[in-house]
Amino acid sequence: MEPFTIIVLIKPVPDPRKSRGSVAIDPERKTVRRQGVPLTINLADRYALEAAVALKASGVGKVVAVAMGPPDAEGAAREALAIGADEAYLLSDRLLAGSDAVATARALAAACRRVGFGAVFAGAESSDAGTGLVGPTMAALLGLPHVPHCRSIALGDRGFEAEVRVDGREGRVRAGLPALVTFDRLDRPPKSPGFAGVVAARSKPFTVWTAGDVALRADEAGMAGSPTVVREVRPASTAKRAVIIGGDPEEVATRVLAVLAEKGVLSDGR
Amino acid sequence: MAGDIWVMVRMKDGKADRAARDAMAIASAMAARTGGQVAAWVFGPEGEAPAAASEGFGGYAPDRLYVCPLGAGEDGPAGLGDALSGRRAAVAMLARTEVAEVGAVLVPEGQLALDAAAGLAVALGGAVVAHCRAVEWSGREWLYLVPAFGGLAAIACPGSGPQVISLVAGAGLVGEPAEGRTKAPEVIAVQAPAPSDRDPVVAGGPSPVALPSDALETARLVVAGGMGAGDPSGWRLISDFAASLGAALGATRPAVDEGWAPAEAMIGQSGKRVEPEVLISVGVSGDLQHLVGVGEGTTVIAVNSDPDAPIFGRADHGVVGDFRRFLPAISRRVKSGPADG
Amino acid sequence: MDFQFTPEQEMLRTAAREFAENEVAPRVAEMEKTGRFPMELIKPMGEAGFFGVTIPVEYGGLGLGYVARLILLEEIGRVSAALAMALQVFHLGVEPIVAFGSEEQKRRLLPPLARGERLATVAVTEAGGGSDPSSTKTVARFEQRSEGDGYVLDGRKVFITNAHLADVQVVLTKTKDEPKEFTAFIVERGMAGFKPGREEHKLGLLGCDTGEVIFEGCFVPVANRLGNEGDGLKTALKAISEAGRSGMAGVSLGLLRACVETAGAYAAKREVSGRPLNRYQGIQWKLADLVTDRDAATLLSYRACWLKDQGKRCDVEMATAKYFASEAAIRAAKLAAEVLGGYGYMEEFATQRYLRDRQLMIPSAGTSDVMRMVIARAATP
Ligand SMILES: Cc1cc2nc3c(=O)[nH]c(=O)nc-3n(C[C@H](O)[C@H](O)[C@@H](O)COP(=O)(O)OP(=O)(O)OC[C@H]3O[C@@H](n4cnc5c(N)ncnc54)[C@H](O)[C@@H]3O)c2cc1C
Ligand SMILES: Cc1cc2nc3c(=O)[nH]c(=O)nc-3n(C[C@H](O)[C@H](O)[C@H](O)COP(=O)(O)OP(=O)(O)OC[C@H]3O[C@@H](n4cnc5c(N)ncnc54)[C@H](O)[C@@H]3O)c2cc1C
Numbered sequence: 001m002e003p004f005t006i007i008v009l010i011k012p013v014p015d016p017r018k019s020r021g022s023v024a025i026d027p028e029r030k031t032v033r034r035q036g037v038p039l040t041i042n043l044a045d046r047y048a049l050e051a052a053v054a055l056k057a058s059g060v061g062k063v064v065a066v067a068m069g070p071p072d073a074e075g076a077a078r079e080a081l082a083i084g085a086d087e088a089y090l091l092s093d094r095l096l097a098g099s100d101a102v103a104t105a106r107a108l109a110a111a112c113r114r115v116g117f118g119a120v121f122a123g124a125e126s127s128d129a130g131t132g133l134v135g136p137t138m139a140a141l142l143g144l145p146h147v148p149h150c151r152s153i154a155l156g157d158r159g160f161e162a163e164v165r166v167d168g169r170e171g172r173v174r175a176g177l178p179a180l181v182t183f184d185r186l187d188r189p190p191k192s193p194g195f196a197g198v199v200a201a202r203s204k205p206f207t208v209w210t211a212g213d214v215a216l217r218a219d220e221a222g223m224a225g226s227p228t229v230v231r232e233v234r235p236a237s238t239a240k241r242a243v244i245i246g247g248d249p250e251e252v253a254t255r256v257l258a259v260l261a262e263k264g265v266l267s268d269g270r
Numbered sequence: 001m002a003g004d005i006w007v008m009v010r011m012k013d014g015k016a017d018r019a020a021r022d023a024m025a026i027a028s029a030m031a032a033r034t035g036g037q038v039a040a041w042v043f044g045p046e047g048e049a050p051a052a053a054s055e056g057f058g059g060y061a062p063d064r065l066y067v068c069p070l071g072a073g074e075d076g077p078a079g080l081g082d083a084l085s086g087r088r089a090a091v092a093m094l095a096r097t098e099v100a101e102v103g104a105v106l107v108p109e110g111q112l113a114l115d116a117a118a119g120l121a122v123a124l125g126g127a128v129v130a131h132c133r134a135v136e137w138s139g140r141e142w143l144y145l146v147p148a149f150g151g152l153a154a155i156a157c158p159g160s161g162p163q164v165i166s167l168v169a170g171a172g173l174v175g176e177p178a179e180g181r182t183k184a185p186e187v188i189a190v191q192a193p194a195p196s197d198r199d200p201v202v203a204g205g206p207s208p209v210a211l212p213s214d215a216l217e218t219a220r221l222v223v224a225g226g227m228g229a230g231d232p233s234g235w236r237l238i239s240d241f242a243a244s245l246g247a248a249l250g251a252t253r254p255a256v257d258e259g260w261a262p263a264e265a266m267i268g269q270s271g272k273r274v275e276p277e278v279l280i281s282v283g284v285s286g287d288l289q290h291l292v293g294v295g296e297g298t299t300v301i302a303v304n305s306d307p308d309a310p311i312f313g314r315a316d317h318g319v320v321g322d323f324r325r326f327l328p329a330i331s332r333r334v335k336s337g338p339a340d341g
Numbered sequence: 001m002d003f004q005f006t007p008e009q010e011m012l013r014t015a016a017r018e019f020a021e022n023e024v025a026p027r028v029a030e031m032e033k034t035g036r037f038p039m040e041l042i043k044p045m046g047e048a049g050f051f052g053v054t055i056p057v058e059y060g061g062l063g064l065g066y067v068a069r070l071i072l073l074e075e076i077g078r079v080s081a082a083l084a085m086a087l088q089v090f091h092l093g094v095e096p097i098v099a100f101g102s103e104e105q106k107r108r109l110l111p112p113l114a115r116g117e118r119l120a121t122v123a124v125t126e127a128g129g130g131s132d133p134s135s136t137k138t139v140a141r142f143e144q145r146s147e148g149d150g151y152v153l154d155g156r157k158v159f160i161t162n163a164h165l166a167d168v169q170v171v172l173t174k175t176k177d178e179p180k181e182f183t184a185f186i187v188e189r190g191m192a193g194f195k196p197g198r199e200e201h202k203l204g205l206l207g208c209d210t211g212e213v214i215f216e217g218c219f220v221p222v223a224n225r226l227g228n229e230g231d232g233l234k235t236a237l238k239a240i241s242e243a244g245r246s247g248m249a250g251v252s253l254g255l256l257r258a259c260v261e262t263a264g265a266y267a268a269k270r271e272v273s274g275r276p277l278n279r280y281q282g283i284q285w286k287l288a289d290l291v292t293d294r295d296a297a298t299l300l301s302y303r304a305c306w307l308k309d310q311g312k313r314c315d316v317e318m319a320t321a322k323y324f325a326s327e328a329a330i331r332a333a334k335l336a337a338e339v340l341g342g343y344g345y346m347e348e349f350a351t352q353r354y355l356r357d358r359q360l361m362i363p364s365a366g367t368s369d370v371m372r373m374v375i376a377r378a379a380t381p
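Line by line, the protein sequences give chains H, E and R.
All residue numbers for the first sequence refer to this note's numbering, where the first residue is 1 and numbers rise by one.
All residue numbers for the second sequence refer to this note's numbering, where the first residue is 1 and numbers rise by one.
All residue numbers for the third sequence refer to this note's numbering, where the first residue is 1 and numbers rise by one.
Take the hints with a grain of salt, since some may be wrong.
To be verified - Distance ranges between label pairs, derived from CB positions: (1) E:A215 to R:T367: 55 to 63 Å; (2) E:T34 to H:G176: 39 to 47 Å; (3) H:R151 to R:R36: 50 to 58 Å; (4) E:R220 to R:W285: 46 to 54 Å.
For the record, the hints were derived by calculation from the structure and aren't laboratory data.
Using N, Cα and C, we set each Cβ at its ideal position, and we do this for glycine too.
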């Protein structure tokens, strides 16, 4: 097989380690606020990236990270270089702000076409908006087979062979190239790039692209190119439905056990 | 929005699954506004379709019922191969869009529907909405309510393209009555599109396994712990508590992220949906992204130190205070034999 | 003036923190139980470049310097002071070779040390005392041999960190019976007559190896003499005063951070009479002291390492950093344990480990008294 490029889509998301896990909303755009908050690579995307880098041992020529986000997302793109991508592109343009899932997929697909690829890897779901739509939508846009919820992947002579876990079923799935593979978050932590990775990233190419660089028109991108709009964000209802059980721990225990007994869920049938 | 409303129906044990009834009610209300028809799509063996219509749709029969035997072949019905047939499902559906204009497509959450939804939206130039838990008529347009930022975001699709909506289990209709429809549907058989090299195939070797629906999904009593555990020792207290009750242990996403619980234990939008008889929620704030994973039929008992925590809006019984004070007393009483009080 | 870390330094911190939390944290309980160094971490630490942070690029290291090393030690120390201690001494063993080694020695020894294929330490202290090297009794006798000239070493070093792990040890000896006449040698594993001795059982820093090294007629070829005869004290003192002191400052910073985080999180969560602890003034004062100490130690330590990286003189600054950070770590472990009340003394809570680990911050790389001797010179007009 000829060496080919794997593009890994890395979404810059608010860093849960630095923003205490809370995702803030931009009151005007009603989108996730990504400007001015510390950003990092979406966790699922790191497994995608690790898998792509590992495949370099079996004939993959090059791993290219592609991110779309505000200029602050440069750090996340460089993180991808430290983890092992050979090149990184950040698609960053005011025109792209407020893109919904379809518009995001369109912009990323345009970037992928410009880079050229034998496969596209992405996360199954982001940790902030988490629609899980970008992968499948890109597969449709680029006309690629979609291998969802991949947990491990190998390259054979007939393409990829992947372990997947889909809708409560687990099995091995094959797809010819080019293909789009989306990766789950795994139970093990992702690999740290180490200091060696950070130093190696210094000399790797990093490029910022505008919408024009990937031949996106204004009406295809951003809010204008998004078929969905968020009309409002409603706070969680504060109405209380629970009957409060008061008293000291012994009284509470009695009442709670009474509920469990009434529902018949205690193992010895009480 | 104009045109027909399509509903993708998922089959379970030869019947339309529970979500189909909710989706058909929503479709019925939407079709009343567009003046279009309701069409249901059943992907599965042909023989099952009429049963699906009569038993699963709960009085919201469609006008047309498309039956497409997709994936019923080599991998067996409801197999991994089926779950990977989303592209072909979209192709089958797209072949019918010449016949009628499509206003909206309602799909149940799941891989087949997700890939199909993306395929339809791309081909028809439409919008996709994920994780929709309620559909609401604003007086001007349809709003799709999705969990966001601790509350609900109301998403609209103002364009002219079709609106492909992925509904979570138990999705409801807000502020708009749905009229029942009883007329027997016209059943239309649709050929399954041939697989192409654009479809992943189930590889040879050991056949795909259905993961055992684990303890969490089958348990009648679940204890779900959250960030309120505070640290690993707090989490151990919660897990000991669950063990003392013989309950399965679930977790919120942040608790999984902390490494206290395995990913398999996650309940909610990114994890599992559970519907035990009783769920005891400990140190969980009650964010919708977590609560969409808890079935409507479940009685919830919540222990939370914040009297204003949103979890008390969903719980049936609440205990306000530090869980460290209360859980040991309950465990002790269970161990010491039949409740006497 | 600019008190910000560069974006690259932030990335280094994130990388070190991920390593500490994902790879080190799961092993702390085992280290506490067995007291053994986690050997399985050597390979991933080597791949991450942690052994070669300060080794120049031309000798296979990362050439990142002292600020980067401080970031690393702080982040590792936040999770395990024991591992940070071991790591700081691996670096300490390398530094004299970087600073005083011949070209041949650097080419031969540094690349495998940078990769973590071989590990290093420094052996100075003897039973007769650590702060005062003049009591050194280990002797090196010049000897002409047919296979090449060398020195025969006899003596015993004690309290040597990584004694049983290090393949390469920089050993301070006396070549003449004159007060200032010291010579340093690079002793390598496999040299006849060199062996590790007793393993110490410590109160804290469990999982960090400490013990004796023994030289019994150990023949060391001339090629392994570090610098000239008589250069030994200068060699050892420079390594200890720069790499050793900033290293101990790094371990102390990690401990300080851990104390602030543990106490802060507990005080926010634990309720007494319906109010979280951190709403009580008595607790607030403790938290405020913890944070202030941490920040002051941070500023002193990074300043000292920054000066070193700039090639500027930093002996006094290294001493103030080491003195303040180590003493602050002592205070912090006590305060953090107090915030946790009775729980602070229980095995499930990390504060009891901090209480045991903290004590070694003081003697290593020079006690507070020695630091004050150095620092006081700065006040002399
Ligand atoms: C609560 C909420 C609900 C939303 N609901 C909808 C909706 O129903 N329909 C809709 O069209 N839009 C919706 N949006 C907007 C939309 O989700 C995002 O703005 C859009 O960018 C898609 O991101 P995602 O995180 O959902 O992608 P996902 O599909 O969850 O991401 C999957 C993978 O795609 C790749 N990827 C995604 N974004 C990027 C990026 N910027 N750069 C590089 N790679 C990327 C990554 O590999 C990622 O792991 C919603 C936003 C919010 C906050
Ligand atoms: C795209 C996306 C998908 C998501 N999917 C999921 C999902 O599938 N599942 C999920 O769970 N979350 C999911 N989330 C996260 C979700 O939004 C919430 O952040 C999460 O559910 C909150 O978890 P929590 O209740 O454990 O923590 P918190 O919100 O931090 O709540 C902790 C609670 O514990 C209480 N507490 C503190 N101390 C004590 C004590 N000593 N005793 C008793 N109570 C105490 C506090 O009052 C608080 O209410 C998702 C988020 C996004 C953006």
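The hints, checked one at a time:
1. Remark: the range hint 55 to 63 Å for A215 (chain E) to T367 (chain R) is upheld by a beta-carbon distance near 56 Å.
2. Taken as a hint, the range 39 to 47 Å holds for the pair T34 (chain E) and G176 (chain H), whose Cβ atoms sit roughly 41 Å apart.
3. Hint check: R151 (chain H) to R36 (chain R), Cβ distance near 33 Å, so the stated range 50 to 58 Å is violated.
4. Our hint of 46 to 54 Å for R220 (chain E) and W285 (chain R) holds, since their Cβ atoms are close to 50 Å apart.
Violated hint: 3 only; the structure is consistent with all others.
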